[in-house]
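Peer 1: Sequence:
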Amino acid sequence: MIRFENVTFGYSEKRPILDDLTFHIEKGDFVALIGANGAGKSTISRLTNGLLHPTRGHVYLNGKDTLKTPSSALARDCGFLFQNPDRQICENTVKDEIAFSMKAQGWPTDEIEGRVDRIIKTFDLDPEWFPFSRSRGERQRIALASVLVCEPGLLILDEPTTGLDYLECIRIMDYVTRLNKEKGTTILMVSHDMELVQSYARNVLVLNHGKILGQGPTNEIMKNMDVLKKARVLPAQIPELALRFGDEFKDVFTVEEMLDALRAKAGKGGAL
Numbered sequence: 012m013i014r015f016e017n018v019t020f021g022y023s024e025k026r027p028i029l030d031d032l033t034f035h036i037e038k039g040d041f042v043a044l045i046g047a048n049g050a051g052k053s054t055i056s057r058l059t060n061g062l063l064h065p066t067r068g069h070v071y072l073n074g075k076d077t078l079k080t081p082s083s084a085l086a087r088d089c090g091f092l093f094q095n096p097d098r099q100i101c102e103n104t105v106k107d108e109i110a111f112s113m114k115a116q117g118w119p120t121d122e123i124e125g126r127v128d129r130i131i132k133t134f135d136l137d138p139e140w141f142p143f144s145r146s147r148g149e150r151q152r153i154a155l156a157s158v159l160v161c162e163p164g165l166l167i168l169d170e171p172t173t174g175l176d177y178l179e180c181i182r183i184m185d186y187v188t189r190l191n192k193e194k195g196t197t198i199l200m201v202s203h204d205m206e207l208v209q210s211y212a213r214n215v216l217v218l219n220h221g222k223i224l225g226q227g228p229t230n231e232i233m234k235n236m237d238v239l240k241k242a243r244v245l246p247a248q249i250p251e252l253a254l255r256f257g258d259e260f261k262d263v264f265t266v267e268e269m270l271d272a273l274r275a276k277a278g279k280g281g282a283l
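Per my numbering: the sequence shown = residues 12 to 283.
Keep in mind the hints are simulated off the structure, nothing from the lab. A hint or two may mislead.
Cβ-Cβ distance ranges computed for the label pairs, FRET-style [said to hold, decoys possible]:
#, residue 1, residue 2, range
1, D137, I181, 18 to 26 Å
2, D31, N103, 44 to 52 Å
3, K279, K132, 46 to 54 Å
4, G195, R255, 35 to 43 Å
5, R274, G117, 51 to 59 Å
6, A47, S23, 15 to 23 Å
Capping the alpha-carbon separation at 25 Å, the derived lysine-lysine pairs in DSS-like fashion look like this [unchecked claim]:
#, residue 1, residue 2
7, K261, K240
8, K222, K240
9, K75, K38
10, K222, K75
Just so you know, even glycine gets a beta-carbon here, dropped at the ideal spot from N, CA and C.
When you get a sec, could you build the whole thing from the sequences and use the hints?
Peer 2: Shown next as structure tokens:
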């Protein structure tokens, strides 16, 4: 689905943002990009959808070289949800906003109307709302609906839950997870929230100063404290706590698993 081959990117040859990156992400995966500010996470997401082009090397999306493929063609394969929904909302009603991308891509009118009506119901939106009068969570849902109405095979999320309350966060992420599991949509998520990464991502790619420090299953990465420390990333709380409790808790990653493990320990009369 996504392939980076010896990709370097920078605005200055002396200080590249990304330095000779090579990795791939399989179709249908749910991958989180993590790392400190300036590690190169958002740059990778913008190279993937063709908003940026590599200084050296090649980026492939669905087998298409982004250097040789018009951004309009890449847009059919890739949806991008910005951290701030106000950066991508541009119409005066929800209905017009959601229809905007389909019209830009030349979809038939009857198809546009049908898809827009369905996704408005799915996201519990009012077609006549003025987007900028709504809450941050509602604007994020409007932006996500606008991206997903075209059913892209890849969805890129750039800090998707920033500024959202807990319920809106769960609502957004549960919908994204259903897309991944039921429709096979590939998810690439940039996030500083390790609890979010632990709860939803299947695999993790760790960046530091434009280089890959680690890549693998979320549970393995979340317990690799050496890699997280080098990347200047604070670990998720439950895996970090489980490591302190010893080998009996080595497979504990969630609150529910921690509660079960503690109950089992207490039932055996053990002490931590």
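Peer 1: Against this structure, judge whether each hint is valid.
Peer 2: Outcome of the hint check:
A hinted range of 18 to 26 Å for the beta carbons of D137 and I181 is consistent with their spacing of about 21 Å. For D31 and N103, the Cβ-Cβ distance of about 46 Å falls inside the hinted range of 44 to 52 Å, so the restraint holds. Our hint of 46 to 54 Å for K279 and K132 holds, since their Cβ atoms are close to 51 Å apart. Checked against the hint of 35 to 43 Å, the C-beta distance between G195 and R255 comes to roughly 38 Å, which is consistent with it.
Distance hint for R274 and G117: a CB-CB separation of about 58 Å, consistent with the stated range 51 to 59 Å. Restraint check, A47 to S23: a C-beta distance of roughly 20 Å satisfies the suggested window 15 to 23 Å. This hinted pair checks out: K261 and K240 have alpha carbons roughly 19 Å apart, not beyond 25 Å. Only pairs whose Cα atoms come within 25 Å are accepted, and K222 paired with K240 is accepted, the gap being roughly 15 Å.
Proposed proximity of K75 and K38 is supported: the alpha carbons are some 14 Å apart, at most 25 Å. Of the supplied pair hints, the one linking K222 and K75 holds, its CA atoms being roughly 24 Å apart against a limit of 25 Å.
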